[in-house]
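A.B. asks: Protein chains in written order, with our numbering: chain R, 1 to 370; chain D, 1 to 370; chain G, 1 to 370; chain S, 1 to 370.
It is worth saying that the hints were derived from the structure and are not from the lab.
Beta carbons are placed, not taken as given, at the ideal position from N, Cα and C, and that holds for glycine.
Don't take each hint at face value.
As the list claims (entries may be wrong) - Label pairs and their calculated CB-CB ranges:
#, chain 1, residue 1, chain 2, residue 2, range
1, D, P35, G, V330, 37 to 43 Å
2, R, A78, S, G211, 32 to 38 Å
3, R, E80, S, G130, 22 to 28 Å
4, G, S188, S, G110, 54 to 60 Å
5, S, G110, R, G226, 39 to 45 Å
6, S, D331, R, D37, 35 to 41 Å
7, S, G211, G, S160, 33 to 39 Å
8, G, Q271, S, D326, 58 to 64 Å
9, D, D331, R, G163, 47 to 53 Å
10, D, K283, R, E80, 44 to 50 Å
11, D, S160, G, D324, 32 to 38 Å
As the list claims (entries may be wrong) - Computed cross-link-like contacts, DSS-like style, restricted to lysine-lysine with a CA-CA straight-line distance of at most 30 Å:
#, chain 1, residue 1, chain 2, residue 2
12, D, K283, S, K89
13, S, K89, D, K89
14, R, K283, G, K89
15, R, K89, G, K89
So the chains spell out like this:
4 protein chains.
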Amino acid sequence: MAGNSFGDAFKVTTFGESHGPALGVIVDGCPAGIPIDEAIIQRDLDRRRPGAHPADSDGTERSGRLNPAMTSRKEADACEILSGVFEGKTTGTALAILIRNTNQRSEDYGDIVRKFRPGHADFGYFSKYGIRDYRGGGRSSGRETAARVAAGAIAKAFLSTLGTSVRAWTVEAAGIACETCDESVIESNQLRACDPVAAEKMLKRIIELKGAGDSAGGIVTCRARGVPAGLGEPVFDKLDGLLAGAILSIGAVKGIEFGSGFASARMTGSQWNDPMRRGSDGKPSFESNHAGGILGGISNGAEIAFNVAIKPVASISLPQRTIDLDGNEVDIEVRGRHDVCLCPRIVPVVEAMTALVLADAVIRQRGARQ
Amino acid sequence: MAGNSFGDAFKVTTFGESHGPALGVIVDGCPAGIPIDEAIIQRDLDRRRPGAHPADSDGTERSGRLNPAMTSRKEADACEILSGVFEGKTTGTALAILIRNTNQRSEDYGDIVRKFRPGHADFGYFSKYGIRDYRGGGRSSGRETAARVAAGAIAKAFLSTLGTSVRAWTVEAAGIACETCDESVIESNQLRACDPVAAEKMLKRIIELKGAGDSAGGIVTCRARGVPAGLGEPVFDKLDGLLAGAILSIGAVKGIEFGSGFASARMTGSQWNDPMRRGSDGKPSFESNHAGGILGGISNGAEIAFNVAIKPVASISLPQRTIDLDGNEVDIEVRGRHDVCLCPRIVPVVEAMTALVLADAVIRQRGARQ
Amino acid sequence: MAGNSFGDAFKVTTFGESHGPALGVIVDGCPAGIPIDEAIIQRDLDRRRPGAHPADSDGTERSGRLNPAMTSRKEADACEILSGVFEGKTTGTALAILIRNTNQRSEDYGDIVRKFRPGHADFGYFSKYGIRDYRGGGRSSGRETAARVAAGAIAKAFLSTLGTSVRAWTVEAAGIACETCDESVIESNQLRACDPVAAEKMLKRIIELKGAGDSAGGIVTCRARGVPAGLGEPVFDKLDGLLAGAILSIGAVKGIEFGSGFASARMTGSQWNDPMRRGSDGKPSFESNHAGGILGGISNGAEIAFNVAIKPVASISLPQRTIDLDGNEVDIEVRGRHDVCLCPRIVPVVEAMTALVLADAVIRQRGARQ
Amino acid sequence: MAGNSFGDAFKVTTFGESHGPALGVIVDGCPAGIPIDEAIIQRDLDRRRPGAHPADSDGTERSGRLNPAMTSRKEADACEILSGVFEGKTTGTALAILIRNTNQRSEDYGDIVRKFRPGHADFGYFSKYGIRDYRGGGRSSGRETAARVAAGAIAKAFLSTLGTSVRAWTVEAAGIACETCDESVIESNQLRACDPVAAEKMLKRIIELKGAGDSAGGIVTCRARGVPAGLGEPVFDKLDGLLAGAILSIGAVKGIEFGSGFASARMTGSQWNDPMRRGSDGKPSFESNHAGGILGGISNGAEIAFNVAIKPVASISLPQRTIDLDGNEVDIEVRGRHDVCLCPRIVPVVEAMTALVLADAVIRQRGARQ
């Protein structure tokens with residue numbers, strides 16, 4: 001009811017504030033027998049880690065080069081498996097992962113304590129609870145997503161045993177769109193973009209915005225491959241509904257579209273409907289994928305494809321108009337080390353949430369037939 | 001787990017196939033003491049009813065004029081309250097609503113029985129269950145949404161006691177966008193559009209497409225007003241996440257965006273962040289609403305605003321390429337009385353799902369504080 | 001949250017008041033492909049039907065002989081399947097069953113309207129909701145269990161495809177205990193007792209109590225056979241925990257014990273522990289069954305066995321002390337046609353709840369391993 | 001679905017094996033503003049701690065005297081709050097508590113690795129998962145209840161702000177029943193019994209059984225006071241149903257009875273029904289409490305009272321007959337430091353589960369009325 005859990009059969013429950021002792025997650029419902037170790041989790045955590053150059057995120061070495069799109073905070077984000085794994089395999093019982101916070105400085109939060117930051121959840125939290133952990137946003141901090149990424153790594157490991165993979169990347173940032181798509185370059189540029197030339201332009205623009213005390217948004221796309229037909233439930237738990245709910249539960253996301261998405265509105269049925277054919281392997285296939293791999297809420301075996309709109313980072317150092325706890329109109333300048341554009345760091349979070357939805361759908365599907 | 005329920009504290013469970021004896025819904029968790037009668041439910045059911053001219057949907061008289069955007073099927077969609085209401089008020093116990101199907105003709109389903117209709121859930125259902133109720137799409141029929149609309153009417157009645165209202169309308173259909181917005185005209189034109197001039201053009205285009213055996217998509221927008229700040233849960237059950245999940249669970253929806261949505265990707269933080277001021281009534285207010293009324297997943301008291309992408313109707317009479325149950329490549333012509341553009345009929349469904357999310361969030365919020 | 005649903009993967013949601021138009025249930029999560037028709041459901045509904053002689057409950061003919069243990073109300077309790085079954089098999093979608101109320105007389109409820117009946121939920125409901133459907137107890141009526149029995153018939157049909165069966169019977173009523181156990185006589189005596197001689201004594205005692213305006217309690221036992229080892233979840237959803245929750249959710253039940261139950265308190269570990277052996281079929285077996293087929297919350301393959309304590313019927317015609325809505329101390333005489341001892345009618349309800357728990361556990365178990 | 005969560009609105013999710021790095025719990029849905037610190041949690045953890053003399057469990061000093069009813073293992077069971085508390089109060093967000101395991105010796109598990117211990121969940125786990133963490137029972141260890149006790153301390157703190165308290169104690173152990181009831185002596189004898197004379201006899205008998213390599217069972221009773229009328233949900237989530245499910249989810253419990261419980265079976269309605277009167281404070285009261293404070297599943301404002309049957313400890317050093325992984329018939333001797341009788345240590349677990357059910361019911365009740 002208070003919403004710190006996600007999923008039905010493959011269920012995760014997270015905890016942790018930005019400036020508390022630790023974050024973590026309990027994964028409940030991962031089948032027994034899946035090979036898991038901390039390195040698998042750490043690899044994705046490192047991709048989300050602030051200050052990391054994407055090229056460094058292989059988990060083995062770190063260049064120390066700073067990524068200007070990201071905050072300069074350094075967090076080890078080292079994970080520890082506390083339960084649910086025995087002799088290198090899941091046991092079927094609750095799998096808990098702990099990530100200690102190591103880099104909270106004892107800050108002067110003065111301005112933030114009594115003023116609501118524009119673009120942030122501050123006012124909503126205060127309205128909701130009548131109390132607010134103002135340190136770094138508390139539970140509303142993007143840091144919360146570290147626990148999702150850890151859980152997502154378990155889901156990915158489970159899915160990989162079934163031949164299913166999930167991959168996301170940046171297609172637009174700071175107003176600059178990718179014009180080519182080469183998936184092999186994604187993890188080697190600082191924006192996790194599929195077009196290295198565009199990535200350079202994005203970076204240049206982000207450095208300018210950073211200098212101006214401002215920030216940028218972007219668009220991330222995601223693909224799930226090897227998804228069997230038949231996942232998703234017919235009515236309220238349609239697969240696209242679950243994915244939309246999952247992706248919109250990431251703080252900075254403001255929109256999602258599947259397949260042809262908003263462009264579908266201008267198409268006719270004869271243009272939109274994806275004709276079915278017998279594939280070269282004898283299995284059903286589709287001549288196009290306007291549906292994005294999901295029809296009537298059920299996967300159809302085609303690639304699942306969706307785009308995600310990311311708003312510009314809320315924390316900017318330019319002065320902004322706001323009010324304080326007493327309702328006085330005041331100005332605020334949000335200081336600190338913040339990301340300028342979330343795209344590269346949100347990529348593993350989008351992947352994680354997608355993997356969690358798919359892992360859940362796979363297990364739920366086991367109940368569909370006698 | 002099988003997804004016929006929606007909501008956590010204000011929960012609905014639906015049943016019913018297009019060509020079975022009846023559809024219906026159980027509303028579980030509506031507080032006791034809310035005034036409810038069948039007329040309240042019937043009003044919204046009539047707005048969703050096929051073949052209805054929007055101007056006729058006041059529930060008192062029906063012109064008999066046909067709406068060319070809609071199917072010519074006639075369904076009474078008369079509702080019966082079976083439980084949970086005593087002496088005109090909810091009792092707090094399960095509230096059940098029954099809607100008998102009255103217009104299923106004994107059809108020859110021949111072509112549909114063995115061929116998968118492009119753009120439909122047929123192949124997915126068959127992959128999932130190994131069995132399929134092919135009559136009118138069975139559970140995947142849009143007719144399923146009648147039960148949602150009935151439940152939504154209960155949610156709206158509950159919300160209205162709190163001063164909260166929900167309204168949706170068409171802003172684009174068949175490639176034609178509204179250029180003005182006058183909410184007073186919505187229920188008096190056949191597209192439920194906010195621009196009567198655009199509505200005439202949409203209608204003309206839809207008649208052309210119908211003649212050509214084709215169909216159209218569109219965009220619906222939704223506003224929730226009088227929503228208190230503080231609704232929604234911080235992590236996985238963010239209010240926008242719940243709304244996205246709810247709206248994408250409507251069959252024909254392919255995308256959703258909140259506030260500035262996908263345009264946010266091209267904005268900077270200083271452009272996007274909505275400054276806070278003290279309103280003329282002394283209460284916090286916002287100078288703009290790029291957030292669409294939700295920040296960090298929590299309502300901020302501003303109007304909740306989102307757009308919904310509707311794909312073109314899948315059932316078209318033009319011949320299409322597909323496969324049959326044995327994997328043979330075949331052609332299919334989908335006959336029958338179908339909608340050409342779903343926008344006007346999907347409007348009450350969008351409202352219903354939005355009302356269900358908000359009613360649920362209101363009750364969940366009661367647990368937030370001591 | 002409001003508790004009209006039961007189960008996780010095989011989930012039922014019920015509705016209906018004693019004196020409203022109908023009761024019913026939605027079964028969500030029954031796998032596709034299970035043979036179901038209304039006769040299967042009607043058979044168990046007839047066993048629960050008031051006024052039925054157990055011997056008449058085969059659903060084909062009814063003797064008209066009245067059972068003195070039961071109310072003389074006659075209710076047809078005819079069920080109608082509204083969805084989820086196509087061509088004689090479940091489709092995997094929501095399966096709804098409707099049972100119309102046919103025998104609500106327009107009564108004078110005078111005394112009950114303003115006085116709280118001792119032994120009933122009246123005061124609790126009023127405290128909870130501030131409003132109360134006093135007609136026949138409304139939602140708190142034992143009539144609510146008809147919907148459970150209908151759902152249980154679906155669960156039994158599913159379980160029977162796996163070789164699992166559930167059977168309950170009376171072992172004590174009105175202070176008289178069975179001294180022999182012959183399961184073949186259960187459905188042929190009016191108490192559904194396993195000892196026909198004791199059943200005659202029970203009946204005699206019940207007739208005496210009825211004449212005195214009083215009522216009786218009893219003990220029902222239940223066995224589930226053919227339950228595979230491995231059902232149940234390790235921590236909070238232990239199989240015995242789920243069964244206990246299910247059985248105690250039946251209005252008149254005041255206790256449950258598994259295997260040796262309360263007698264376990266006086267045993268030593270060496271007496272209690274059931275030794276394991278290799279059975280004649282080569283499979284693991286147990287030399288005794290003090291555990292009642294469940295250890296650490298997981299089924300061990302032995303017969304599941306538990307006893308259920310049934311309190312005496314609350315509605316008695318003897319005058320009782322109570323208070324009214326204004327807090328005045330008053331006397332009340334509860335008139336009407338009531339059961340004297342619930343045992344025979346509660347037997348199918350206990351079976352139904354047990355079958356629902358097991359069906360749920362079977363599907364949940366499908367997620368336990370890769 | 002995998003059952004590591006409990007509760008609906010006030011929900012806990014636990015993790016941790018006996019011999020893994022740590023146990024813990026996430027409490028989700030505790031209202032904001034409740035004063036909490038680690039000392040509150042530690043107090044109850046110390047009551048459950050193995051080897052503790054009850055008199056030592058005030059958390060301030062420990063006598064070092066060993067309790068012969070309990071294992072001689074020493075575990076610090078020190079808790080750490082990881083999130084959800086800020087400046088001494090709950091924030092409304094997920095509250096996580098960590099308890100490190102400190103006393104797992106690197107044991108030779110030889111016999112247990114391949115043999116199923118009688119009276120334990122070993123065979124069930126193996127049947128369920130095909131894999132088993134045999135170290136100390138893994139997830140099936142009674143050590144799992146430490147996380148429940150930690151969560152229960154939060155629930156108790158919440159309930160105490162509403163004037164509701166929960167207390168449990170031993171009424172029978174090793175075949176010896178209490179003959180007097182003085183609640184003031186409970187925490188000062190080693191059995192947590194309400195009769196100090198009986199407690200001495202129990203202890204003597206337990207020492208004898210220990211010497212013989214055997215173990216004992218018992219009965220624990222529980223009272224909840226200051227529970228408002230109106231808690232519990234009418235149908236499947238009756239308050240007694242939820243309590244029964246909660247209590248039977250504790251490993252060693254084999255039965256539960258409310259109020260007059262199994263004795264109800266032999267009473268008549270006129271004996272059983274609790275007459276209502278106007279209390280001296282003008283509020284409704286009951287002349288007796290055969291119902292145990294719950295009627296029709298809803299609390300009636302009287303004291304909630306139930307008894308719990310505890311089976312003898314399964315781990316005994318006497319040789320037992322069992323089978324091994326290959327199905328061979330073998331003997332097993334379970335060595336190690338084990339409790340002889342669980343009663344004193346299960347008392348805080350019963351309290352914790354009861355508090356969790358009540359805290360949940362309190363928040364759910366907030367949705368019952370407009």
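A.B. asks: Determine for every hint whether it applies to the structure shown.
C.D. replies: Outcome of the hint check:
At about 31 Å, the beta-carbon gap between P35/D and V330/G misses the expected band of 37 to 43 Å. With their beta carbons about 49 Å apart, A78/R and G211/S fall outside the hinted range of 32 to 38 Å. For the hinted restraint 22 to 28 Å between E80/R and G130/S, the CB-CB distance of approximately 26 Å keeps it satisfied. The hint said 54 to 60 Å for the Cβ distance between S188/G and G110/S, and at roughly 55 Å that hint holds.
Checked against the hint of 39 to 45 Å, the C-beta distance between G110/S and G226/R comes to roughly 43 Å, which is consistent with it. Against the hinted window of 35 to 41 Å, the Cβ-Cβ separation of D331/S and D37/R comes to about 37 Å, which satisfies the hint. Distance hint check for G211/S and S160/G: the Cβ-Cβ separation is about 51 Å, which falls outside the suggested range of 33 to 39 Å. Taking 58 to 64 Å as the suggested C-beta distance range, the pair Q271/G and D326/S does not conform, at roughly 28 Å.
Between D331/D and G163/R, the C-beta spacing of about 32 Å breaks the proposed range 47 to 53 Å. Between K283/D and E80/R the Cβ separation comes to about 46 Å, which falls inside the hinted range of 44 to 50 Å. Distance hint check for S160/D and D324/G: the Cβ-Cβ separation is about 34 Å, which falls inside the suggested range of 32 to 38 Å. Using a Cα cut-off of 30 Å, the hinted pair K283/D and K89/S holds, with the two alpha carbons roughly 27 Å apart.
Taken as a hint, the K89/S and K89/D pair is broken in the structure, with Cα atoms around 39 Å apart against an allowance of 30 Å. Of the supplied pair hints, the one linking K283/R and K89/G holds, its CA atoms being roughly 27 Å apart against a limit of 30 Å. Between the alpha carbons of K89/R and K89/G the distance comes to roughly 39 Å, so the proposed pair goes past 30 Å and is violated.
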